[in-house]
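Protein chains: 2
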Amino acid sequence: MNTKGNPVIGIVGGMGPQAGLALFNSILCRTNARKDQDHLSVILMSFPGDIGDRTLFLENRQLDNPAFRIAGVIKKLEDAGADLIGIACNTSYSPEIYNVVLEEMKRSGSRAKLLHMPAETCDHLKSHFPGVQRVGVLTTNGTYQSGIYSDLLKSHGYSVIMPPKEFQAGIIHRLIYDEEYGLKANPRHITGEAKIWYEKAMHFFKDHGAEAIILGCTDLTVLVEECGIFGIPVIDSTECMAMALIREACV
Amino acid sequence: MNTKGNPVIGIVGGMGPQAGLALFNSILCRTNARKDQDHLSVILMSFPGDIGDRTLFLENRQLDNPAFRIAGVIKKLEDAGADLIGIACNTSYSPEIYNVVLEEMKRSGSRAKLLHMPAETCDHLKSHFPGVQRVGVLTTNGTYQSGIYSDLLKSHGYSVIMPPKEFQAGIIHRLIYDEEYGLKANPRHITGEAKIWYEKAMHFFKDHGAEAIILGCTDLTVLVEECGIFGIPVIDSTECMAMALIREACV
Chain A
1099 MNTKGNPVIG IVGGMGPQAG LALFNSILCR TNARKDQDHL SVILMSFPGD
1149 IGDRTLFLEN RQLDNPAFRI AGVIKKLEDA GADLIGIACN TSYSPEIYNV
1199 VLEEMKRSGS RAKLLHMPAE TCDHLKSHFP GVQRVGVLTT NGTYQSGIYS
1249 DLLKSHGYSV IMPPKEFQAG IIHRLIYDEE YGLKANPRHI TGEAKIWYEK
1299 AMHFFKDHGA EAIILGCTDL TVLVEECGIF GIPVIDSTEC MAMALIREAC
1349 V
Chain B
1099 MNTKGNPVIG IVGGMGPQAG LALFNSILCR TNARKDQDHL SVILMSFPGD
1149 IGDRTLFLEN RQLDNPAFRI AGVIKKLEDA GADLIGIACN TSYSPEIYNV
1199 VLEEMKRSGS RAKLLHMPAE TCDHLKSHFP GVQRVGVLTT NGTYQSGIYS
1249 DLLKSHGYSV IMPPKEFQAG IIHRLIYDEE YGLKANPRHI TGEAKIWYEK
1299 AMHFFKDHGA EAIILGCTDL TVLVEECGIF GIPVIDSTEC MAMALIREAC
1349 V
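Quick mapping for you: the protein sequence lines, in order, are chains A and B. So that you can map any letter, position 161 of the first sequence is 1259 in the numbering used here, and since no number is skipped, the others follow by simple counting. So that you can map any letter, position 129 of the second sequence is 1227 in the numbering used here, and since no number is skipped, the others follow by simple counting.
By construction, these hints were calculated from the structure, which means they are not laboratory data. Hints should not be assumed to be uniformly reliable.
Note that the list lumps identical chains together, so a pair holds whenever it fits in one copy or between two copies.
[What the hints assert, rightly or not] Listed below are the simulated DSBU-like cross-link pairs for lysine-lysine, each with C-alpha atoms no more than 30 Å apart in a straight line:
(1) Lys1174 <-> Lys1298
(2) Lys1298 <-> Lys1102
(3) Lys1133 <-> Lys1263
(4) Lys1298 <-> Lys1133
(5) Lys1304 <-> Lys1263
(6) Lys1133 <-> Lys1293
(7) Lys1133 <-> Lys1174
(8) Lys1224 <-> Lys1211
(9) Lys1173 <-> Lys1102
(10) Lys1173 <-> Lys1204
(11) Lys1263 <-> Lys1102
(12) Lys1263 <-> Lys1204
(13) Lys1204 <-> Lys1174
(14) Lys1204 <-> Lys1102
(15) Lys1174 <-> Lys1102
(16) Lys1211 <-> Lys1102
(17) Lys1174 <-> Lys1211
(18) Lys1173 <-> Lys1211
(19) Lys1173 <-> Lys1252
(20) Lys1252 <-> Lys1204
(21) Lys1173 <-> Lys1298
(22) Lys1263 <-> Lys1224
All values reported here derive from a predicted model rather than from experimental measurement.
The whole structure should be built from the sequences, with the hints applied where relevant.
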């Protein structure tokens, strides 16, 4: 709570740091405010060097589960006054990580409310695009492998378009992770290579009959306004999480 | 310190919230990183509803000194691990506020290093634009009245261009604060009115022989890339603070 007794939003950032900022920015832009004092209270904690890569863990290429550090940041956020928590990283919601975060929160006696980004994104798709049946998801290799989005979407009756592994790794994951041209390596601008990979990914989903495309990695948020989308609705998980946090903070 | 023993940057945000984000974003964009783990640790605390307006206080239109709440946020940042502190608001560096912040930090036994945004901005001007003599400053009525920038610049031998009070209040302060068209009221976009006020302000300084112009309010940072500047160097206090925080974090 802030000094006026209103809920405080806590963002677990750093995965990547741009994603935490994008989530905060989305909360800010969606708040109806005329002056500083009209805005919501938000704490963003970004410890990118402390938290190991989520996909590397899910691919068994890194032993430490990032869940413990994520739960540590949630504890810090709560100690600083946060009541509502959003993790600005879809891959962290993979069961292997997310379930351990929940266990750690329980163990430490946490009273904060942790929102679920992929679930909020599916809910948004369902309520705002009722006619859609076939859905594509852009995400990291970790989220792809964990099946978090495809399982959720299927449980809601959607047909999910899954790219083949080589396309997922060579185009979509690379768009996010490439250490030369990817989004994580270039916070100042989007490289020409990244734009080409994004367009290839969007073409793939369009060619496979996608009626909506989910940006299921928070690092992709920067692309929404930058690149064309062939008239297919694009649902940005960061925006969905921002709306959910505002909803919960304003009840 | 983060878990690896590296310094953690703490940002006192919320004044306005956009300014805190802009400072964090500037730190991020100026960090040489290929992957998440290469980035600095940053905590941004934004409690806009808790902290009263700085200019209203300096104009005696609000009794509570925002310094106490600012010092409270610094304490929270320190408790969460921050070692280096930047307040993302120039007006907070006015002596009536800043000196009380320092007293409160001393009283609470703070060991954090608080950087001084106007001083960092003047240092940047001096080292990067050695030929400049005449300087204009865009800022809030509070910073204008407190004389923080003009006193600092004069102590460094600069000639400072001060707009008349009516121009300061009716154009420059309004550009920031107007509840309909100002920057604080429109985080999503810059209104046509705001662009006109900004251009009028820049024309004023150009017509009065400015050889450099300081954006001495963190809410103005959004204008840097958006609007033209007649070939006169524009020194953004947010960018100067970001560079100073990175410098201190990387020693």
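Intra/inter-copy verdict for lysine 1304 and lysine 1263 if alpha-carbon distance must be at most 30 Å: within (18 Å within a copy, 58 Å between copies)
How would you label the pair lysine 1224, lysine 1211 (within, between, both, or neither) given a Cα cut-off of 30 Å? The answer is within: 23 Å in one copy meets 30 Å, while 49 Å across copies does not.
Using 30 Å as the alpha-carbon threshold, which applies to lysine 1174 and lysine 1102: within, between, both, or neither? For lysine 1174 and lysine 1102, the Cα distance is within 30 Å both inside one copy (21 Å) and across copies (17 Å).
Within, between, both or neither: how does the pair lysine 1298, lysine 1133 come out at a Cα-Cα threshold of 30 Å? between (42 Å within a copy, 23 Å between copies)
Homo-oligomer pair classification [lysine 1102, lysine 1263; C-alpha up to 30 Å]: Intra 50 Å, inter 35 Å, cutoff 30 Å: neither.
How do lysine 1174 and lysine 1298 come out at 30 Å by Cα distance, when the copy is not named: within, between, both, or neither? Neither way: lysine 1174 and lysine 1298 sit 40 Å apart in one copy and 46 Å across, limit 30 Å.
With 30 Å as the alpha-carbon cut-off, assign the pair lysine 1174 and lysine 1211 to within, between, both or neither. So lysine 1174 and lysine 1211 pass the 30 Å test inside a copy (14 Å) and across (21 Å) alike.
Between the shortest in-copy and the shortest cross-copy C-alpha distance, which are at most 30 Å for lysine 1173 and lysine 1252: within, between, both, or neither? neither (33 Å within a copy, 47 Å between copies)
When Cα atoms must be at most 30 Å apart, do lysine 1173 and lysine 1298 count as within-copy, between-copy, both, or neither? neither (40 Å within a copy, 48 Å between copies)
With identical chains treated as interchangeable, where does the CA-CA distance between lysine 1263 and lysine 1224 reach 30 Å or less: within a copy, between copies, both, or neither? Within one copy only: 27 Å inside a chain, 55 Å across chains, cut-off 30 Å.
At most 30 Å between alpha carbons: which applies to lysine 1173 and lysine 1102, within, between, both or neither? Cα proximity of lysine 1173 and lysine 1102: in one copy and across copies (22 Å, 18 Å).
What label fits lysine 1133 with lysine 1263 when the C-alpha limit is 30 Å: within, between, both, or neither? So lysine 1133 and lysine 1263 pass the 30 Å test across copies only (22 Å; inside, 48 Å).
Checked against the numbered hints given earlier, this structure breaks hints 1, 2, 11, 12, 19, 21; the rest are met.
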